[in-house]
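Undergrad: All chains should be built: construct the whole structure from the sequences, respecting the hints.
If you read the protein sequences in the order shown, they are chains A and B. Going by the numbering used here, the residue at position 217 of the first sequence is 217; the numbering climbs one at a time, nothing skipped. Going by the numbering used here, the residue at position 79 of the second sequence is 79; the numbering climbs one at a time, nothing skipped.
Note that these hints are calculated values from the structure, not bench results. Owing to the predicted nature of the structure, the values given are computational and were not obtained by experimental measurement. No false leads were slipped in.
Calculated pairs, PhoX-like style, for lysine-lysine (alpha carbon to alpha carbon, straight line, at most 25 Å):
1. A/K194 - B/K33
2. B/K278 - A/K213
3. B/K313 - A/K198
4. A/K191 - B/K36
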Amino acid sequence: MGQEKESEQGNSLYSAWFKASKDYWDTSAKMLSESPLGKTPLDQGAFTEQMNTWQEFMKAMGSPEVSGPGKNLSVEIFTKYMESVWPFLSAPADGEGKAEKAEDLRAMSKRMAKSWFELFDNELRKVLNIPQLGLTRYYQEHVARAIEEYNDFQITMANFVNLLTEPLIETTEKVREQVKTAREGGEELVKDAKEQYKLWINKLEEAYLELLKSPEYTSALSEVLKALRDYKVSRQQLLIDLFQDLPVPTHKDMDELYKELYYLKKRVKELEKRGKKND
Amino acid sequence: MTERDNKSWNEIVESMKTATDIVFGKAAGEPAKLMKRLSDAREVLLSPLKTDIASTPYEVVYESDRVTLKHYKPAEVKFKTPLFICYAMVNRETMLDLQSDRSVVKTFLNSGLEVYMMDWGYPTRKDRYLTLEDHVNGYMDEMIDFVREKHGIPQVHLMGICMGGTLCVMYTALHPEKIKNLVTTVTPVNFETDQGLLNVWAKSLDPDALVQAYGNIPGDLLNVAFLLLNPARLMIDKYVGFLENVHDKDFVENFVRMEKWIFDSPDLPAEAFREFIKKLYHENLLIQNKMALGGKLIDLKKITMPVLNIYGKFDHLVPPACCDQFVNKIGSKDKEDVCLQTGHIGIYVSSKMQREFAPRILRWLAEREERGSPVAPPTRKKRAVSRKRPAPEPATAQ
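TA: Spelled out as structure tokens, the structure:
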């Protein structure tokens, strides 16, 4: 019951969003066709038709009749996305209220990323791991794996970059607060921009040193390197598939050759040494 | 949700604005001053700049695959034994000859010391299977034998720099008969410490993953790691300093030379990297006399010749804890630890160190020149080449 209700809400939200998007693009297309640029080959009718088809497709994907892991995918994606950005978008366009009501951009971006990661784990990953069949099953698997690893890499990289930017934002806020508080208390903490910079860069250096030696950082670093490896290996496999019928050697071909060359050279050097000793 | 997460959007924007104001405010100062600086900066940046590095003439006397041996000959040779220098495989040996008034090589030559310097070159994918043994018992040994034969001497002075120093320690322990005196500079031998971030990070690093992803480890990837050792200074403050001094031609020329050197970063051969991380950073085998190359155990007690070990007190790449245990583990009686008040690169290029570092090595070697050489020189014929270094590049506008 709960799931159905959620799905209904999602569909309703989704329809509202789609209608708003469609109206926006309809208006834009109309305006453009009436403008001096209107002689461009923009066919408003065809555009509207495309939008309608897309809407139908998305609805079909989200309908209960569609079974499998991706049945509510479009609704899920949209709902997650809107949940993240809605508080930010719903804030008044201007005035003091914006600062009070709109949420922290960082928190929002984190929520957006988290929603996407959860969605990927719960929905898309399952789709990518649907068993492949037939003659080309291995190639299809390689493509799916490359997409999956690419997403995993993007996720861990985003976390890593978030972690790295935190000291910068934190320190800037702290220094700003410190200077502001001192000024309000009648004290001049820094005389000029140079002193403020010095204070800021010293604090930033300290903040980074603390972060960079933390287990949190080393763990994030290990994860991102592992994800990079997995992605590069899967991409490499995909390239091998693509190039196998072309007269282009792949890294795999060349590495095998280099390995043989390496052992041959080593053997030749050993034999040369032995020969000289015998001389 | 944390308190920080609840900060308003406006505050974030203000914070970022403050950050840029701070940086550019620092660089700019007053508007009039700023205009003058910009005008001067324009003059400097558009004028021809002398930014060539490694301009001391040399001759390439030996080549083996990608590795070459450079020979620097002084106007008058005053030392009987030449100095063989082995640089790290990270970055390039040009750092020892960065500019004419800050050149370790030039200081050696001016005192009559003949220098042979290994240039590891730029590894390509075909070099990915080369191990530490191939570098130490292969390239290094070939080249040291070449110098011994060329001069008809049984031993050379050996000097190692950073990772190159670690390779020299391995070499000297395996071939002590070929080394007259050993100088190690900013050389990590003990890796079990939390003093340096590299040591902390390397512990959780999976070298297999990197090797699988890249083959040889890209120099740029290593550079990113080095920049992340201190992002505030190396990625922000350094360039703010550049903006502040961009009107000063000498400063700009020196700065560009250093940039050229820092980002001239050869890749690291995959197998050698894997071995270095596993055997040294993970297992710390060398200092425990447990490391083997080519099936032979490296016993530091076999290092019995005079040893001078120099390192920097403020070295953030190879902190003192990586260097200061070495002399206690070797068999030499004549050994000296020198801790200089400088950092990893400053030891070679800072103007203050020009008066302390190289002159100290020269004095130390001169005092030990007359001592005996018990082993006969090799008589084998080696493959030698002779290639003069091209003339230094002309002054160029950046």
